[in-house]
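Residue numbers (my numbering), protein chains in the order written: chain A, 1 to 359; chain B, 1 to 359.
Keep in mind the hints are simulated off the structure, nothing from the lab.
Take these hints with a grain of salt, some might be off.
The list treats identical chains as interchangeable, and a pair is accepted whether it falls inside one copy or across any two copies.
Subject to a maximum C-alpha distance of 20 Å in a straight line, what follows is the list of computed EDC-like cross-link-like pairs (lysine to aspartate or glutamate) [unchecked claim]:
no.	residue 1	residue 2
1	Lys205	Glu316
2	Lys187	Glu231
3	Lys105	Glu75
4	Lys16	Glu75
5	Lys196	Glu330
6	Lys194	Glu326
7	Lys354	Asp85
8	Lys336	Glu314
9	Lys311	Glu216
10	Lys205	Glu317
11	Lys194	Glu231
12	Lys187	Asp229
13	Lys194	Asp347
14	Lys170	Glu330
15	Lys170	Glu274
16	Lys196	Glu13
17	Lys206	Glu316
18	Lys62	Glu231
19	Lys196	Glu316
20	Lys318	Glu98
21	Lys170	Glu295
22	Lys205	Glu314
23	Lys21	Glu330
Protein chains: 2
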Amino acid sequence: MAETIFTHHHLAEFSKSVFLKIGCSQEHTEIATQSLLRADLRGVDSHGVARLSGYVRLWEAKRVNSHPQIKIVHESPSTAVVDGDAGLGLVVAPKAMEIAIAKAKNAGTGWVAVKNSNHFGIAGHHAMMALPHDMIGMAMTNASPLVAPTFSVERLLGTNPIAVAIPAEKQPPFVADFATTTAANGKLEILQRKEKEAPLGWIQKKDGTPSSNPNELKDGGALIPLGSDREHGSHKGFCLGAWVDIFSAVLSGANYGPWVPPFVSFLAPPADPEGEGIGHFFGAMRVDAFRPADEFKRHMDNWITRFRSAKTIESEEKLIIPGDPEREFEFDRMKKGIPLNEKVIQDLTELSKKFEIDF
Amino acid sequence: MAETIFTHHHLAEFSKSVFLKIGCSQEHTEIATQSLLRADLRGVDSHGVARLSGYVRLWEAKRVNSHPQIKIVHESPSTAVVDGDAGLGLVVAPKAMEIAIAKAKNAGTGWVAVKNSNHFGIAGHHAMMALPHDMIGMAMTNASPLVAPTFSVERLLGTNPIAVAIPAEKQPPFVADFATTTAANGKLEILQRKEKEAPLGWIQKKDGTPSSNPNELKDGGALIPLGSDREHGSHKGFCLGAWVDIFSAVLSGANYGPWVPPFVSFLAPPADPEGEGIGHFFGAMRVDAFRPADEFKRHMDNWITRFRSAKTIESEEKLIIPGDPEREFEFDRMKKGIPLNEKVIQDLTELSKKFEIDF
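So that you can see chain A by itself, here it is in the shape it has in the complex (with noise of 0.2 Å):
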């Protein structure tokens, strides 16, 4: 499929100018517009502008509040539960982080589980929100159930990915971000447009045996957890999606497991919710609660280095640290730019049409 070259800015106002008109505030718009472009920056083509239609349908279909007023509305020293007023998680979730921030300095470290809130976009950009603090950051979602538990036909959880973004010295941060299944959503979407098989191990059957085909979820298929198969530990796949799952919305009081409701708005949430919205879970953690920071930072150099410089396989350079290919990507498109593909520009000449701005 052929793809076009836009440069981050003229994606970054035009996305600004949809915030607006859907009536997010200034500074809302400021806010989602960062999350949003984050992800095409960093690689993470799925979860960049190629959302901004689904938001904006989201909002359409009033699941999406455009002016919320996002709250805390249970606290502890070192806690908060958020309630975002079933905003855009790209709004709720940073500003989820930002009290996370302001507990860890004065307690050390600060837990926020949010409720009512709506797809944050990528992980890793609210969990690196803790970089510049000398913090380490994490940030987990629940997300619609595309998921079958070990020995389940039923699917029951979302990709619930887990971001950990940890600071070093001179060193880049090491920023690991994935989803708990073995392959994430947005990896079949690809294999679809190109019209691949997809490996085995990445999904499976309305009846639970193992299939390539990109398009089974269509049929009652599911993904499978990290790990692909009980041999090789997809229970503990399982365990990490759950324990995202009960983090993200017991905690908080979102809906959980199969009551997720979907990120599609031609698909009804359930009508039986068992909390409000969607949940993520986020975490600060200072540094120098546990040691100096530069101590700590410089260990993490030298954690960073000796992985990196690891003798590889025959056919791999070198290891790769967690972070190191978002990072590279961000700072090629920084300067070259962010390729669409054709059905994206296609979606957002609509958006344009329909709120009159350019695109």
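Position chain B against the provided structure of chain A, taking the given hints into account.
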């Protein structure tokens, strides 16, 4: 291999005698025995009395201090770093978890990084200490380098387990406790004893190519992070193992990565340590720092019940909730006793001769 059944009481009394003989206080003896026996009870045979002679050998090699002064060396309202004074991890870990729980009582959550410790038994035991307090418990530890990160032929990480224990109301708690590798080292030991092959995806040869030989580690091979290979997400398993390593050791000041001292006493620790001993990380989160505990636990019951009743693949009767198999083992073995194989019995018999105590 023939097995003989011993009562929990019998093995506990024997373990206590051994810990007393190496100089542990009465209090530390009780704590260490509880940690150790919990593994046998919960079916994690590799981490129970089978390890007792290993701990004794580390004490003989002066790498374990049987009368440690365990103390907080740095703290904030919600955090602490604990120096384990080279004590048994079986003792240091519960002491550190007590500190995490005490912090959580005041600050909502408590997070304790530990340096200068040793092998701590099963992570789940420590995480579960939070449950009677209506808290969520977490425990992780780094370990001797046996694992090659994705693309590496060098062993740079341990099997670095994570445990998360979450209370429910009428349902038993959710207790996930898993190595961040495709298979734990204990699984290899079982295959070695039975002279069976391992599934591909668990182990690699010293050049990084796949192996099914459970003895491969003796020839420079390595365990593989959860995910088995790059295509199936082993880089995510690497992220998990790295996360555990950094939280356990870079935050605390313990040794990390390839510098972690080996568990076996016949291998010397690295001559150029980057920290002290091995490291652990513990967390305790008061549920009511987020929402009323009864409300949370009611929803956990609902979560567990819904997942347990999921429709399963044809060959399986039910979905396994994390902690179910271990709890069933514990219930069963408390009543019927703990089976030990000849090798372990021989080990314990030698200990009984060495210390002139009955077995």
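Verification of the supplied hints:
| no. | hint | verdict |
| --- | --- | --- |
| 1 | Lys205 / Glu316 | between (34 Å within a copy, 16 Å between copies) |
| 2 | Lys187 / Glu231 | between (23 Å within a copy, 11 Å between copies) |
| 3 | Lys105 / Glu75 | both (15 Å within a copy, 13 Å between copies) |
| 4 | Lys16 / Glu75 | neither (33 Å within a copy, 43 Å between copies) |
| 5 | Lys196 / Glu330 | neither (27 Å within a copy, 47 Å between copies) |
| 6 | Lys194 / Glu326 | neither (22 Å within a copy, 44 Å between copies) |
| 7 | Lys354 / Asp85 | neither (26 Å within a copy, 67 Å between copies) |
| 8 | Lys336 / Glu314 | neither (31 Å within a copy, 52 Å between copies) |
| 9 | Lys311 / Glu216 | between (39 Å within a copy, 18 Å between copies) |
| 10 | Lys205 / Glu317 | between (37 Å within a copy, 18 Å between copies) |
| 11 | Lys194 / Glu231 | between (31 Å within a copy, 17 Å between copies) |
| 12 | Lys187 / Asp229 | both (19 Å within a copy, 16 Å between copies) |
| 13 | Lys194 / Asp347 | within (18 Å within a copy, 59 Å between copies) |
| 14 | Lys170 / Glu330 | within (18 Å within a copy, 49 Å between copies) |
| 15 | Lys170 / Glu274 | between (46 Å within a copy, 18 Å between copies) |
| 16 | Lys196 / Glu13 | neither (34 Å within a copy, 61 Å between copies) |
| 17 | Lys206 / Glu316 | between (37 Å within a copy, 15 Å between copies) |
| 18 | Lys62 / Glu231 | neither (44 Å within a copy, 39 Å between copies) |
| 19 | Lys196 / Glu316 | neither (25 Å within a copy, 31 Å between copies) |
| 20 | Lys318 / Glu98 | neither (35 Å within a copy, 42 Å between copies) |
| 21 | Lys170 / Glu295 | within (12 Å within a copy, 46 Å between copies) |
| 22 | Lys205 / Glu314 | between (36 Å within a copy, 13 Å between copies) |
| 23 | Lys21 / Glu330 | neither (28 Å within a copy, 60 Å between copies) |
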